[in-house]
Amino acid sequence: MSVAGTQPVQAPAPRQAGLGDERLARVSVLVRLLQRPELGALIGALAVYLLFATVDATSGHLFTSIAGMQNWTDAASTYGIMAVAVAMLMIGGEFDLSAGVMTGTSGLLLGMLITRYAVNVWLGIVLVLLFAGAIGAINGVLVVRTKLPSFIITLATFFVLRGVDVGVTKILTNTVRFDISDQAPGFASAQSIFGGTFLAPYNFQDAVLWWIAVTIVATWVLTQTTFGNWIFAVGGDSNAARAVGVPVSRTKVILFMYTAMSAALVGVMVALRFKGIQSGQGVGLEFFYIIAAVVGGCLLTGGYGSAIGASLGALIIGFAQIGIIFANWDSNWYFTFLGVILFVAVGVNTWVRRRAASARR
Amino acid sequence: MSEHDNGVPLLEVRHVSKYFGSVIAIKDISMEVRAGEVTCVLGDNGAGKSSLIKILSGVHTYDEGEFLVEGKPVRFSGPREARAAGISVVFQDLATIPLMSVWRNFFLGSEPTIGVGPLRKLNAGFAKRVMREEMHKMGIDVRDPNQAVGTLSGGERQAVAIARAVYFGAKVLILDEPTSALGVRQSGIVLKYVVQARERGLGVIFITHNPHHAYPVGDRFVLLNRGKLVGSYTKAETSLDELTKMMAGGEELERLSRELEKMAADPEMKQVARQMAQEANRPGI
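Chains as they are written, first to last, in our numbering: chain L, 1 to 361; chain B, 1 to 285.
If you are wondering where the hints come from, they were derived from the structure by calculation, not from laboratory data. Do not take every clue at face value.
Here are a few chain B residues that sit away from chain L, every Cβ distance over 10 angstroms (derived from the structure) [said to hold, decoys possible]:
id: 1; residue: H15
id: 2; residue: K27
id: 3; residue: T96
id: 4; residue: T113
id: 5; residue: V184
id: 6; residue: V195
id: 7; residue: R255
Label pairs and their calculated CB-CB ranges [claimed, not checked]:
id: 8; chain 1: L; residue 1: V168; chain 2: B; residue 2: G46; range: 53 to 61 angstroms
id: 9; chain 1: B; residue 1: K72; chain 2: L; residue 2: A213; range: 51 to 59 angstroms
id: 10; chain 1: B; residue 1: K72; chain 2: L; residue 2: L130; range: 30 to 38 angstroms
id: 11; chain 1: L; residue 1: V29; chain 2: B; residue 2: V74; range: 51 to 59 angstroms
id: 12; chain 1: L; residue 1: F198; chain 2: B; residue 2: V116; range: 29 to 37 angstroms
id: 13; chain 1: B; residue 1: S153; chain 2: L; residue 2: T350; range: 21 to 29 angstroms
id: 14; chain 1: L; residue 1: V29; chain 2: B; residue 2: D93; range: 31 to 39 angstroms
id: 15; chain 1: B; residue 1: D141; chain 2: L; residue 2: F151; range: 54 to 62 angstroms
id: 16; chain 1: L; residue 1: V141; chain 2: B; residue 2: R75; range: 55 to 63 angstroms
id: 17; chain 1: B; residue 1: S180; chain 2: L; residue 2: T350; range: 24 to 32 angstroms
id: 18; chain 1: L; residue 1: W220; chain 2: B; residue 2: V59; range: 34 to 42 angstroms
id: 19; chain 1: L; residue 1: L30; chain 2: B; residue 2: V116; range: 34 to 42 angstroms
id: 20; chain 1: L; residue 1: N203; chain 2: B; residue 2: E133; range: 54 to 62 angstroms
id: 21; chain 1: L; residue 1: W351; chain 2: B; residue 2: P216; range: 41 to 49 angstroms
Backbone N, C-alpha and C fix where the C-beta goes; we use that ideal spot for every residue, glycine too.
Build the full structure now, drawing on both the sequences and the hints.
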């Protein structure tokens, strides 16, 4: 397609197929770029980076240093892992409000398995992932079967888990946290994978590598595989997708399972890194994931978005969280800032999408 | 027009009836579709058009009568079986997903892949090429396969769905009210695709309530009213005027116009009543 006006009136269609191929080259780079859902997030990330680089009040301008980078990638990484999953689910047309509390539930379950039942840490991680998969499957099956909005179903899951987290922890420990001993079998090796650091003098978190890997794999699945095609289809129009033979229910349930298992991964990371976990862990974080996904260009109504965009959204949250501290502002402004970013991002994304659509006529 | 005039019809129903409990959905319907022909099913709302489509496409089974595909009796247990037998439905509103690109829509649900195991991925190059070729055959030049279907016109969107059904082996194409949501120009474009599908040797069932859309493209006309067959004609046996009159239900219109005239005091309603009377008496518009 062309930028409006530059394309001559369509000639009579040539009979032999493939003759029109050379027209593809005429699609301008600008239009191609505007078509990408993550463009707004990329511009936003650059703007926010520049803003906090400018207002940085630390001596030696930490924000733009490698030490600063260690800080904001650390903050962004766990948001990023979750934002990618939440974005995939959102593209598939559903929400998961239990994604935040699920990180806490998973970490607490790992703590319980290790401290109460002396389970090997690695086995514990496998069990936690299976448990999370089951919770995700319950969410998914309930949504698909009842046809109720996933907003309501997962809100219920959220509150159930939130109560269970604190209740069970109190019964078992008489406190509100599980402490995990670093003497537990398998702890050292597991921590080096899930809660360790790399690049010795700067000590970047392992979670950053997980975040990058998750983003790459998710992008590949979304854009290059049959399953990715189905995700866009079930979110775009589930009835039309069903009519051409896409297994709509299965696709949605798998997405819910993936989201819950991503939360389990983050929960495991938190528990191993801090050698313990609070019973209130993760509550409220679901909104950060949704913000990252929406800032990254996902449509709330489904069928449109990208994993890279969600990662960029998480990066913006990381910039803001660290940048506000470095700027010596009251950290409460962080929330206001994210709210404004969300407003701006939704506005810009809507505008960009309209431009992209109208430029193609 | 038809290459197989003497052959067996691609699809035929004989005296088919369907009941939902005590409700008669359709009663004693017979019709046939031949390769390279368009059979138009005409009827007002509630005439039984959707029940008939649902039987033909395997959504419902029938209670009485016969259903033959290429001369052999069939009883489909689901839409998948009907599709495997070469019967495809293009639904007016369920055809495509607006935010997805043309090539992704085209192969949705039957994606071509290359590679093995976890590295198996969509064969996007093949999919784009085939989509462009198939759309070419319908006379549409898709310049950018990545273009979202939502940016196409209503007629072109129907064309994507039709081209897709044809590519995946449809022999009988059922088009459910393809023009009802479209303007005059877009309707014309869809009618062009109907003719194109016919010329490629498909049997087309064209469901509509608009005789002006049906008559120019149709070879056979089946009229339904209240679940019953009102008439079945070849093009030679009828005219647009007759079809229009039968569709409007001549007598019914006449009665309505008289009633209106009696009730209506104001001149505008009188005018409406006069028009209805004219339409009822004078065949055609």
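Consistency of the hints with the structure:
no.: 1; hint: H15; result: 30 angstroms, holds
no.: 2; hint: K27; result: 28 angstroms, holds
no.: 3; hint: T96; result: 6 angstroms, violated
no.: 4; hint: T113; result: 6 angstroms, violated
no.: 5; hint: V184; result: 20 angstroms, holds
no.: 6; hint: V195; result: 15 angstroms, holds
no.: 7; hint: R255; result: 40 angstroms, holds
no.: 8; hint: L:V168 <-> B:G46: 53 to 61 angstroms; result: 58 angstroms, holds
no.: 9; hint: B:K72 <-> L:A213: 51 to 59 angstroms; result: 55 angstroms, holds
no.: 10; hint: B:K72 <-> L:L130: 30 to 38 angstroms; result: 50 angstroms, violated
no.: 11; hint: L:V29 <-> B:V74: 51 to 59 angstroms; result: 53 angstroms, holds
no.: 12; hint: L:F198 <-> B:V116: 29 to 37 angstroms; result: 33 angstroms, holds
no.: 13; hint: B:S153 <-> L:T350: 21 to 29 angstroms; result: 23 angstroms, holds
no.: 14; hint: L:V29 <-> B:D93: 31 to 39 angstroms; result: 35 angstroms, holds
no.: 15; hint: B:D141 <-> L:F151: 54 to 62 angstroms; result: 43 angstroms, violated
no.: 16; hint: L:V141 <-> B:R75: 55 to 63 angstroms; result: 33 angstroms, violated
no.: 17; hint: B:S180 <-> L:T350: 24 to 32 angstroms; result: 31 angstroms, holds
no.: 18; hint: L:W220 <-> B:V59: 34 to 42 angstroms; result: 37 angstroms, holds
no.: 19; hint: L:L30 <-> B:V116: 34 to 42 angstroms; result: 38 angstroms, holds
no.: 20; hint: L:N203 <-> B:E133: 54 to 62 angstroms; result: 56 angstroms, holds
no.: 21; hint: L:W351 <-> B:P216: 41 to 49 angstroms; result: 43 angstroms, holds
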